[in-house]
Amino acid sequence: MKKKSGIIGGILAVLLVGGAAVAFAIAWRPAIAAIDPGARQTFDPALVKRGRELAAIGNCNSCHTVRGGKNFAGGLAVPTPFGAVFSSNITPDPETGIGSWPEEAFRRAMRAGVDREGRHLYPTFPYDHFTNVSDDDDRALYAFLMTRAPVRAPARENQLSFPFNQRLVVAGWKLLFLRRGTYQPDPSKSAEWNHGAYLVQGLAHCGACHTPRNALGAERPSASFAGGDVDNWHAYAINTQSPAPVPWDADALSTYLREGVHPDHGTARGPMAEVVSNLSAVPASDVHAIATYMADVFGAPSPDRKRQGEAVVAQAKPGAASVPDSEGAKIYAGACASCHESSRPPPYGGIHLSLSTAISASNPRNLANIVLSGVRPVEGERSPIMPSFAASMNDREIAVLLKYLRSRFSQQPAWSDLERMITEARRTQTAFVQNSAGPDNAPADPAQRDKP
Amino acid sequence: MNAPVIVDRRRMLTGTGALIVSFSLTSAFAQDQGAPAAPPPPSPPGSLKTSPYLDSWIRIDADGAITVFTGKAELGQGFKTAFQQIAAEELDVPFASLKVVTADTKLTANEGYTSGSHSMQDSGTAIQNAAAQVRALLMAEAAKRLDVAVEGLRTEAGTVITPDGRRMRYGELVADDMLHVQAQPNSKLKDPATFTVMGQSIARVDIPAKVTGGAAYVQDVRLPGMVHARVVRPPSYGAQLAGCDTAAVEKMSGVLKVIRDGNFLAVVAEKEFQAVKAMQALEAAAKWQESARLPKQDELPSALMALPSQGTTIFERSAVSASSNKTIEATYTRPYQAHGSIGPSCAVAQFIDGAMTVWSHTQGVYPDRAAIAEMLRMPPASVRVVHVEGSGCYGHNGADDAAADAALIARALPGRPVRVQWMREQEHAWEPFGPAMVTKLKASLGDGGRIADWQFEVWSNTHSMRPGGAGCMLAAQHMAQPFAVPAAKPLPLPEGGGDRNAIPIYNFTNARVVHHFIPDMPVRISAMRALGAYHNVFSIESFMDELAVLANTDPVEFRLQHLDDARGRDVIEKAAKEFGWRKGQQAPDRGFGFAFARYKNLAAYCAIASEVEVNRETGRARLVRAVAAVDSGQVVNPDGLINQIEGAIVQSTSWTLYEAVTFDDTRITSIDWQTYPILRFDAVPDRIDVHIINRPGKPFLGSGETGQGPAAASLANAIANATGKRLRNLPLTRKRIKDAIDA
Amino acid sequence: MMTLKVNGRDHQVDAEPDTPLLYVLRDDLGLNAAKFGCGLGQCGSCTVIVDGKAVLSCVTPLALLDGKQVTTLEGLGSVAEPAPIQRAFMEEQAAQCGYCIAGMMMRAQALLQRVRKPTDEQIRAELGPHLCRCGTHMRIVRAVHRAARLMDTASLAPVKEGSAQ
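Protein chains in written order, with my numbering: chain A, 1 to 452; chain B, 1001 to 1743; chain C, 2001 to 2165.
What the hints contain is simulated information worked out from the structure, not anything from laboratory work. None of the values given here were measured: they were computed from a predicted structure. Glycine is no exception: its CB is placed at the ideal position from the N, C-alpha and C atoms. Worth double-checking, as some hints may not be accurate.
Stated by the list, open to error - Facing chain B, a subset of chain A residues (Cβ under 10 Å, in silico): (1) N61; (2) S343; (3) S383; (4) P384.
To be verified - Quick list of the computed label-pair ranges, beta carbon to beta carbon: (5) A:E419 / C:R2114: 18 to 28 Å; (6) C:H2011 / A:E419: 21 to 31 Å; (7) B:T1666 / A:D44: 45 to 55 Å.
To be verified - Below, in silico cross-link-like pairs of lysine-lysine (DSBU-like), each with a Cα-Cα straight-line distance of 30 Å or less: (8) B:K1188 / B:K1099; (9) C:K2068 / A:K403; (10) B:K1442 / B:K1296; (11) A:K403 / C:K2053; (12) B:K1271 / B:K1257; (13) B:K1287 / B:K1251; (14) B:K1287 / B:K1257; (15) B:K1725 / B:K1326; (16) A:K49 / A:K189; (17) B:K1190 / B:K1698; (18) B:K1574 / B:K1190; (19) B:K1271 / A:K317; (20) B:K1440 / B:K1735; (21) C:K2117 / C:K2053; (22) B:K1099 / B:K1190; (23) A:K403 / A:K317; (24) A:K317 / B:K1257; (25) A:K49 / B:K1725; (26) B:K1698 / B:K1577; (27) A:K403 / C:K2005; (28) B:K1442 / B:K1583; (29) B:K1251 / A:K317; (30) B:K1725 / B:K1440; (31) B:K1271 / C:K2005; (32) B:K1442 / B:K1326; (33) A:K306 / A:K317; (34) A:K49 / B:K1735; (35) C:K2053 / B:K1271; (36) A:K317 / B:K1287; (37) C:K2068 / B:K1271; (38) B:K1489 / B:K1296; (39) B:K1190 / B:K1144.
Construct the complete structure from the given sequences, taking the supplied hints into account.
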């Protein structure tokens, strides 16, 4: 925090010294004239359909729909280190939503993070990624959003402390960190790779979670995809530093992203659950493109790593292994093994834990989150159910269990300070788990996907 | 009503022909049916027809304790309480002074299965009449002993009282075999206007134990020396046990025995968790040969219709051919659906000195006794089956199979009570499902926008593979010397199976209904609550709405235009009124739907109006509120009836929005609550209101299944109203609704 | 051998530490309320209270019960002297087959011990892990509201004269 306030002080000093005119030039943005919301625009259904797919890739509903709220009406508190920012209403309601926005205003919001009236938007809306979205795609997204049901839902007051509640600060942030049009196609790569790169760096904004941020909350470009922390969940490194016991490849990623589950990696839960729920409705070609690009980011595994991965898969079978006489082993045998060592494949049998990234990662927080909250079923959908163990296990017992899981199911050194982390995890119930609308579609065996 | 004939024991023993009535095994005596051909020979009503002796139903001890016997089983519908009310009313005794004993082959009458919503009509009627006749006999006896005219006597709280105040308790009056007489065809029933117990919402007698941890279920049966067994079921239909090294399992802690009889594999242990672990080890050790023999789930409707079938026209009416202006047709489909009992099936059996006793939650203790006896090659008299409540079964679930499992295993451990508990996955995979069905409808509107022609065809398996025959039970099918699964037979009308409620209750100028009975059962099926009525009513009532739209008429009005049945009209009008049904009503994101049926066209009437909310982005449908009206004849326990209808609506909502059994080409894949989701609290409606139209003095009408079909159609109609899109393939899932909206 | 505290009494239990509490309660202690519904933590029928919190006893091994207090439905009250939650469920006739009810009641009891007047939303959210196949949901929610009211009036019982309060 000291570092942060030092930098803030520095920026404010520059702005002040620079003079009001400079500040004005940097910070001021003109308003764009409102359109007549009464004149309902008509859009080509094919454009709307593409917009729907792009909105799914962009995960718009995950932030802009709150549990129990109307679609896209906003109101989700997005936690940041500076306080909570509430997502806005992006339904075409004329007063409280974007109903009076022309397409130009929408494009400017996506490209430069400025609303119709010229106010800076907080980068919790990841326009540092959306700035890469093409005009055509912006048009499709606009067509989709403007044809949603308008909902009257006034914006909620952000909960930011001074000076972050001054939108002027965002202008400074943009000056430092917003790189326009960073995505450039790479002619040495395939069309599919390029399409994937475009989607990932743009709409899919994977880095917004998976890239570590600096003290001012901006992604660190030198550490792309090296792992990030959002809302008390750890988004794993998805580059060469991936902690997954089995290395990822394009096909595995594609399956995982679109079906929500892969037998060698497990089931996408936590905040990722909504991502895969959305991607299940996106054309397979888009998802495969994303996977192709990301497989390259992961990098081809070394022969050693590949061998290790194969060995893990081969040994990940329900064990007739004798149960060692430790407390952790007994807890595991009675609380976990009935699902995690059954002969049933994921997503309905728990993954064999030697395949679990959560257990091999350096940060045990996700594992603690899942053990505490369990996995809730998606209403009316075939979906995995894991009971919550927050009530039956105290912090010490969870620590003992995690220690056992780490030693039995990973090749990594022991975690430290588990009990304190678990106490913290218990205390800070995550915003996503509590308030987000949650996934609609559930991970499924591809053979069962879309079955009645 | 005639005065009861006073039975002189001596006369009866000399076999005076007039008192011996012929038995008839046809359907229940219904006093309000219109006069058909020659009247049948007089027989006592309800199950008295098959069990005419009064002491099969009522026993009064010298100390005045009264026991009521019913051959039906308490399934959680509250029958024990209702029967106690009926008997208390007609006997004129305090409610709490009676005890009800339910289905037990040693103690109660054979009333077949507790199914088809027959319990009130069969057993309730029998108890009502038996109790009335017993009271009449007691009064006659009192008249004799006190030397007064019987007409002057009255009864109160188990006592007969003379005009001058002399009293005799029932216990004093009962003598010898006084009640061992056959019932008369008619009884002097109490005037409903004087009811003090019947028609009241008496608190259920079984609930106190259930909310305080009292023993209430077959799962709670504990006998001295009882051991625990688990079955290892094959992984799929027809799988053959190729090999199983049981040596390691036999040595596991607590294991008493491993039983292998052909493809029947089970393990018995001292403690329950030991049995579970041994079962898991045995499962891992067993090697099965499976064969891919299941149809493609995606193509289930066409796969069904491609199977050989026997078509029968079950209804035909041709009037002068009316001119038809507009014609529409539609096909509706239903997948296999599971009973999904919350408590997996369980049974306890004990084999001592050649006698087998089985405690089971089967719906039919007598048929099960016969089947188990056949399986074990024992005389039926050596087998006793006692009904003990299980969790709700909603039809033929795994109960009978668990009973057979327990009996087979108990025989291998003579003397020891053996408890078999099915696992969740076993119940889900092996229970006999509600059959998949297809219906094709075609109708034309004539002048005036009324239906001129109606064609209805239904394709379905039988809806009952209940024992009747050892071969209906898994253990008997899997044994080394197996019993063949009996040939499937359709259930006869007027009740029907796949054709239950296929004949419309409406009055159509021309109509034709054809039942295509499919004997082949690629997936194991049997009776599930409402049987074919769920899908047939869903189809008819959805199609009525489609026709109403075509005729530009309000759906409620459209139904009334075609319905003559007065009680049906009452129920429709009541539901619509209480719902606040308004023509052309609209609300954003909401839809309104209506449906009506008379279960089996001879049981209870039910109309349901629903309001549904549909999320256009996700496709998710939620029942917001439902209002139902029900006419079940004379109501015995209003709250019990309301409970049943509420439950039917919620359960049918779950079936209709979510449920389908899934399978690949070899195995059932919906094997737990993850893979077979049912309704949870996040989808429960805001309100359900049930309005009863009581018909004092009218016969009881079975109500346990009357809500399933109307609830489904009401939902479908509301979703169509909300989205403008008609869905005809059950279940109406979120994805299907979304795809329809997006299309 | 371990000591298990159930409903205020100590019991010596001879079972392996990986044995789920459910089997111990039913078989070793002969208690009926907690039920086997799935053994997989999916249905809630096995719910009991441990140290004041509702847990699924089918996935809670004995190893997790050292020193903890277990409360089952039997421990809340009896037919003669029912606890508010039991009275409420009887008065609302909130059961059809009743198999799921004991688990529901324990979850509700744990909720009412934390939240005096839960809303409809809170009750439904709390009962999310529980399944009822008969469709008794409406009555169950009503019964929980009723229990909250009964607990409220119970707490308004007159204070003894001369007490410190």
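Each hint, compared with the structure:
Proximity of N61 of chain A to chain B holds as hinted, the smallest CB-CB distance being about 7 Å (cut-off 10 Å). Taken as an interface hint, S343 of chain A checks out: its beta carbon lies about 8 Å from the nearest beta carbon of chain B, inside 10 Å. Given hint, S383 of chain A at the interface with chain B, holds; its Cβ is 6 Å from that chain's nearest Cβ, closer than 10 Å. About 6 Å separates the beta-carbon of P384 of chain A from the nearest beta-carbon of chain B, less than 10 Å, and the hint is met.
Remark: the range hint 18 to 28 Å for E419 of chain A to R2114 of chain C is upheld by a beta-carbon distance near 24 Å. Evaluation of the 21 to 31 Å hint for H2011 of chain C and E419 of chain A yields a pass: the beta carbon distance comes to about 30 Å. Our hint of 45 to 55 Å for T1666 of chain B and D44 of chain A holds, since their Cβ atoms are close to 46 Å apart. Straight-line distance between C-alpha atoms of K1188 of chain B and K1099 of chain B comes to about 23 Å, which keeps the hinted pair within the 30 Å bound.
A threshold of 30 Å between alpha carbons decides the hint, and for K2068 of chain C with K403 of chain A the separation of about 22 Å falls inside it, so the pair holds. Simply put, K1442 of chain B and K1296 of chain B have alpha-carbon atoms about 27 Å apart, close enough for the 30 Å limit, and the pair holds. With a C-alpha separation of about 24 Å, the suggested pair K403 of chain A and K2053 of chain C falls inside the 30 Å cut-off, and the hint holds. For a cut-off of 30 Å, the pair hint linking K1271 of chain B to K1257 of chain B stands: about 13 Å separates their Cα positions.
Of the pairs offered as hints, the one joining K1287 of chain B and K1251 of chain B holds, with about 19 Å between alpha carbons and a cut-off of 30 Å not exceeded. Proposed proximity of K1287 of chain B and K1257 of chain B is supported: the alpha carbons are some 19 Å apart, at most 30 Å. For the given pair, K1725 of chain B sits about 20 Å from K1326 of chain B by alpha-carbon distance, which is consistent with the 30 Å threshold. Pair hint K49 of chain A plus K189 of chain A holds up; C-alpha atoms about 28 Å apart against a cutoff of 30 Å.
Using a Cα cut-off of 30 Å, the hinted pair K1190 of chain B and K1698 of chain B holds, with the two alpha carbons roughly 12 Å apart. For the proposed pair K1574 of chain B and K1190 of chain B, the alpha carbon gap of about 28 Å is at most 30 Å, so the pair holds. The hinted pair formed by K1271 of chain B and K317 of chain A meets the criterion: a straight-line CA distance of about 27 Å does not exceed 30 Å. Distance hint between K1440 of chain B and K1735 of chain B is fulfilled; the C-alpha atoms sit about 24 Å from each other, no more than 30 Å.
With a CA separation close to 17 Å, the supplied pair K2117 of chain C and K2053 of chain C stays within the 30 Å bound. Restraint check: the Cα-Cα separation between K1099 of chain B and K1190 of chain B comes to about 21 Å, which is no more than 30 Å; the hinted pair holds. Restraint check for K403 of chain A and K317 of chain A: the C-alpha separation of about 21 Å stays at or below 30 Å, so the hint holds. At roughly 28 Å between alpha-carbon atoms, K317 of chain A and K1257 of chain B fall within 30 Å of each other, so this suggested pair holds.
A hinted pair counts as satisfied when its Cα atoms are at most 30 Å apart, and K49 of chain A with K1725 of chain B qualifies at roughly 19 Å. Taking the CA atoms of K1698 of chain B and K1577 of chain B, the gap is about 24 Å. The hint holds against a cut of 30 Å. Simply put, K403 of chain A and K2005 of chain C have alpha-carbon atoms about 27 Å apart, close enough for the 30 Å limit, and the pair holds. For the given pair, K1442 of chain B sits about 25 Å from K1583 of chain B by alpha-carbon distance, which is consistent with the 30 Å threshold.
Our distance criterion of 30 Å between C-alpha atoms is met by K1251 of chain B and K317 of chain A, whose separation comes to about 23 Å. Taking the CA atoms of K1725 of chain B and K1440 of chain B, the gap is near 19 Å; set against the 30 Å cutoff, the hint holds. Restraint check for K1271 of chain B and K2005 of chain C: the C-alpha separation of about 21 Å stays at or below 30 Å, so the hint holds. Simply put, K1442 of chain B and K1326 of chain B have alpha-carbon atoms about 11 Å apart, close enough for the 30 Å limit, and the pair holds.
Simply put, K306 of chain A and K317 of chain A have alpha-carbon atoms about 19 Å apart, close enough for the 30 Å limit, and the pair holds. The hinted pair formed by K49 of chain A and K1735 of chain B meets the criterion: a straight-line CA distance of about 16 Å does not exceed 30 Å. Between K2053 of chain C and K1271 of chain B the CA atoms are separated by roughly 28 Å; this keeps the pair inside 30 Å, and the hint holds. Proposed proximity of K317 of chain A and K1287 of chain B is supported: the alpha carbons are some 17 Å apart, at most 30 Å.
With a C-alpha separation of about 24 Å, the suggested pairing of K2068 of chain C with K1271 of chain B holds against the 30 Å cut-off. Taking the CA atoms of K1489 of chain B and K1296 of chain B, the gap is near 25 Å; set against the 30 Å cutoff, the hint holds. Between the alpha carbons of K1190 of chain B and K1144 of chain B the distance comes to roughly 22 Å, so the proposed pair stays at or under 30 Å and holds.
In terms of the numbered hints stated before, the structure departs from none.
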